[in-house]
Amino acid sequence: MVDVTPGSRDAVPPAEVPDVELYHPHSWWTTYVFSQDAKVIAIQYAGTAMAIGFVALVLSWLMRLQLGFPGTFDFITPEAYYQFITMHGMIMVVYLLTALFLGGFGNYLIPLMVGARDMVFPYANMLSYWIYLLAVLVLVASFFAPGGPTGAGWTLYPPQAILSGTPGGQDWGILLMLFSLILFIIGFTMGGLNYVVTVLQARARGMTLMRLPLTVWGIFTATVMALLAFPALFVACVMMLFDRLLGTSFFMPALVEMGEQLSYGGGSPILFQHLFWFFGHPEVYIVALPAFGIVSDLISTHARKNIFGYRMMVWAIVAIGALSFIVWAHHMYVSGMHPYFGFFFATTTLIIAVPTAIKVYNWVLTLWRGDIHLSLPMLFALAFIVTFVNGGLTGLFLGNVVVDVPLSDTMFVVAHFHMVMGVAPIMVIFGAIYHWYPKITGRMLNDAMGHFHFWVTFIGAYAIFFPMHYVGLVGVPRRYPELGETAFIPDSVHDLNAFITVAALIVGFAQMVFLFNLFWSLRYGKEAGGNPWRATTLEWQTPQTPPAHGNWGKELPVVYRWAYDYSVPGAPQDFIAQNDPGPPNLPRHA
Amino acid sequence: MAIAVVLVLVVVGSVVFHLLSPWWWTPIASNWGYIDNTLVITFWITGIVFAAVVLFMAYCVFRFRHKEGSKAAYEPENRKLESWLTVITAIGVAAMLAPGLYVWSQFISVPDDATEVEVIAQQWQWSYRLPGEDGRLGKSDNRLVSLENPLGIDPEDPNGQDDVVVEAADLHLPIDKPVKMLLRSIDVLHDFYVPEFRAKMDMVPGSVTYFWFTPTRTGTFEVLCAELCGVGHAFMRGIVMVDNEEDYLAWLAEQSTFAQLSEAQQVGTLEEERP
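For the protein sequence lines, the chains are A and B, in the order given.
Counting in the numbering used here, the first sequence runs from 1 upward without gaps.
Counting in the numbering used here, the second sequence runs from 1001 upward without gaps.
Treat the hints as calculated values from the structure; they're not laboratory data.
Don't take every hint at face value.
Claimed, not checked - With a cut-off of at most 30 angstroms between alpha-carbon atoms, the simulated DSS-like pairs for lysine-lysine come out as follows: (1) A/K554 <-> A/K526; (2) B/K1180 <-> A/K526; (3) B/K1139 <-> B/K1177; (4) B/K1139 <-> B/K1080; (5) B/K1139 <-> A/K526.
As the list claims (entries may be wrong) - Quick look at which bits of chain A chain B covers, simulated, 3 or more residues with Cβ under 8 angstroms: (6) 106-116; (7) 306-316.
Just so you know, these numbers come straight off a predicted model, no measurement behind them.
Cβ atoms here follow ideal geometry from the backbone N, Cα and C, with glycine treated the same way.
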């Protein structure tokens, strides 16, 4: 009989793991292509996400050209414009940001930061990437399909999404979009289960939950949320596919299209909106929480000071994650849902501002009396705070139901969500890449190119999206390829639109410099050494840089302290690594 | 160091931009001045918070930037400070939420004396229906929509016979009379949006949505669609004219009822059938 009494087995796994348990790859294919090493998978995820993100960037130039200089570009018809905005939005939110934060940073950092050798299910992890790649390819295929990609807007609202008045509605566009999303969710679920189980089960000895770096807390919470939120999108996609292909009426009421009675009846378009936003709102925080976590670590490391109020930061992440599931209908204040919902969702939405504000306070209080090194990761972290505070505050306009009524569906909304979930998280992504690139490649990114990239991106992005709020205040609706002669829109709005377009093109150009830097520094970057930022967390303490398969050599690290022992009074250096027992009699936090 | 200067410039630039901006909301033409007031309160609170946070950051970067031999302070937590900040934030949030919810409760409470006006959207035009002398709109159903009955009005319902039908033309409204806009769609989602009225609401096929307002100034106002409804979305325009009582009645007298239109159509069909 198996002995299951407590104490009969070690509560934590042995520090030493026999080499055979690592499943080292034996060929080039299994090392670099069909790899089960989370670090390789991370780079595959990040590379694919950035490649498809580049497509979305180009699409944004095209639509900005149309908005800034309407009538100049004949090939940008209204159909094409709607296809551009739809693909731009969906790619940026799902295929770039979600994939890069969770599939990219999650895969690379979770095992290293918790002191594990790899994800707990390496094979499923590999499958996760390949299904994600398939999803991306299906999405790209819609550009070449008859009728082109769907132009239903990234929200894919029925009934129009599957009708002929919308590009791709009666062609392949919407079908490929729905198939691609379904594949993405399947792939993500395989990866997501991995991240959650790895954080819960594979932490090194001594790595208690309250010693985890906030990066891991952010990615972990976001992954749990994604596992709960994506199924709503999944069923919505399946139901819409049925409506389109089998003639069911989940979302389709009785309607007349272009003078013809359709055979649909009894379905609810609003039901789709509830399902979509039950996914869609948590999605905002699925992108934001990893950014929150990562930026906390960037600020702490580069200000040489522990993150202020660590426990409060952890609880704020968890609280935001939980609350974000009961705010979804603030995207639907003018959808025609029952007006009493407005009271509830406005209240929950504004409550979420409190834990979010706490996080902002704690970031800036970490800077207070710090020893601030203005390295590129720190600069991007500062830019994140500015853009996030700006975008978060305009959220208080839109979340407050009655204030939302005049602003909803205007360019104000576009400016708000780009600032808060576009620019701000992307600032963190850049900061994180400048921060961890030395660990991933062993070389530093070029500093001069980095500074050029930073200044143009930060000031340029602010110049794009700050004035855009005022275009919305005037009342200019979003999703208009041209404004035409509209009495209430003064000519100066067109000038402002042209200015925004020029700023967008300049910012886009700066990203080319960044991409070039990524490749250039691979070869010519300064040698980084193992721990160039003198950081405390485990990923900087690996025996090799870049870390080898299995991460830690023969013996797993043992963790003695939290992730933020910077500038501890009495310590010989201004940081003590998490796996360093350190000198005795120092102040100890956790 | 440059970053500290730039952070200050971001705040100064944003405030100056806001103050000098010629881009501001359109002059209001409805009773929803409360919405504008709530917006202004929100601008003040959020503007102050933005300036405070970013200027504090700029100060920190300037004051505590790395210098040879400098060392960071060690302060993991400060319960008292964290609690204070939480309480102050909660008060600020409540200061925005309370007026917001109060105005929302007004926004959704339609006054008893409001006249009903139905807006019917379809790709890509606006039509309207006003109750006739009986003051009631007849039933309608998208299943009844046809070439002869483009708005899907129930011919069996006697209440509908005297309904005034304004197909793909301008809507007129009398000034200072509250109206309840009943919103209906024949095909896909649309949104009846007149910036000067501040109110807007999606139109959903299969259900009737609504909002109410009181026009407070005469004039011609453009109607836009605010919910992406297909390739013609940006071109789905209409006109609402707010008239004084006299002009409104004159306009109303020129309109046809559903019964008149159906009759004319039948005559028209008969004429066509003649050789």
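Comparing the hints with the structure gives:
1. A/K554 <-> A/K526: 29 angstroms, holds
2. B/K1180 <-> A/K526: 69 angstroms, violated
3. B/K1139 <-> B/K1177: Given pair B/K1139, B/K1177 holds - Cα atoms ~24 angstroms apart, limit 30 angstroms.
4. B/K1139 <-> B/K1080: 63 angstroms, violated
5. B/K1139 <-> A/K526: Answer violated: B/K1139 to A/K526 is near 76 angstroms, above 30 angstroms.
6. 106-116: Since three or more residues must qualify, the claim that chain B covers the segment 106-116 of chain A is violated, with 0 doing so at under 8 angstroms.
7. 306-316: holds (count 6)
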